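Participant: Using the sequences and the hints given, assemble the complete structure.
In case you want the letters, here they are:
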Amino acid sequence: NAGVTQTPKFQVLKTGQSMTLQCAQDMNHNSMYWYRQDPGMGLRLIYYSASEGTTDKGEVPNGYNVSRLNKREFSLRLESAAPSQTSVYFCASSEVLESTDTQYFGPGTRLTVL
Amino acid sequence: AQSVAQPEDQVNVAEGNPLTVKCTYSVSGNPYLFWYVQYPNRGLQFLLKYITGDNLVKGSYGFEAEFNKSQTSFHLKKPSALVSDSALYFCAVPVGGFKTIFGAGTRLFVKA
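Protein chains in written order, with the numbering used here: chain A, 5 to 118; chain B, 13 to 124.
Hints should not be assumed to be uniformly reliable.
Said to hold, decoys possible - Calculated from the model, a selection of chain B residues having no Cβ within reach of chain A, i.e. all distances over 12 Å:
| id | residue |
| --- | --- |
| 1 | G28 |
| 2 | K34 |
| 3 | L68 |
| 4 | Y73 |
| 5 | K89 |
| 6 | F121 |
Claimed, not checked - Examples of chain A residues lying across from chain B (beta carbon under 8 Å, computed):
| id | residue |
| --- | --- |
| 7 | F94 |
| 8 | L101 |
| 9 | S103 |
| 10 | T106 |
| 11 | F109 |
Read the hints as simulated data drawn from the structure, not as lab findings. Values in this document were obtained by computation on a predicted structure and should not be read as measured data. Even for Gly, the Cβ is constructed at its ideal location relative to N, Cα and C.
Facilitator: Written out as structure tokens, the structure reads:
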């Protein structure tokens, strides 16, 4: 039981390049999330998926797109990377989209945009 | 506006001493409250949560937290700190549906 896995762990991009961050969970969770973590700012929600086949914007969705490929996988795409997107990205999952439900996090992807 | 505050960027404590990591919140209604821990180069891990009932919540690794409604606080505590407790700690408050507000984090440093 690997929990939540993310690839890659590190990535360096040049401004304007695109890339996709991959996330998978093996806990049969319905809901999945993408966050970014910036120093002194906690975590901010980029996009979430309440269940397979649905995605919605979070607090900071500009510059990102997502795909819920199936129940296990939720990818985050940067179409044209900008230096402001330099951050650590975390994928998380929870059994359902409920306030009381614990979220389980992946190890993160450290992205640098030059 | 709904918010979560962790007033200390860093907490330093000697091994064996008690530790407290502070969290205060401002949300409407009866809050749910979470603590997560992040070890270096790892994702956040769940420590404990308050939903309702007993104001003292016990969690993983010997941690506990006390919900204080009058002071709108949910401080994380441990009676005897270990060097291995050194990490980044986040207080979090779900505010409905998909949205959770995370505090900025407090770095705990336990010195041997």
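Participant: With reference to the structure, classify each hint as holding or not holding.
Facilitator: Results for each hint:
| no. | hint | in the structure |
| --- | --- | --- |
| 1 | G28 | holds (30 Å) |
| 2 | K34 | holds (15 Å) |
| 3 | L68 | holds (18 Å) |
| 4 | Y73 | holds (15 Å) |
| 5 | K89 | holds (20 Å) |
| 6 | F121 | holds (17 Å) |
| 7 | F94 | holds (6 Å) |
| 8 | L101 | holds (6 Å) |
| 9 | S103 | holds (3 Å) |
| 10 | T106 | holds (5 Å) |
| 11 | F109 | holds (3 Å) |
In this structure, none of the earlier numbered hints is contradicted; all agree with it.
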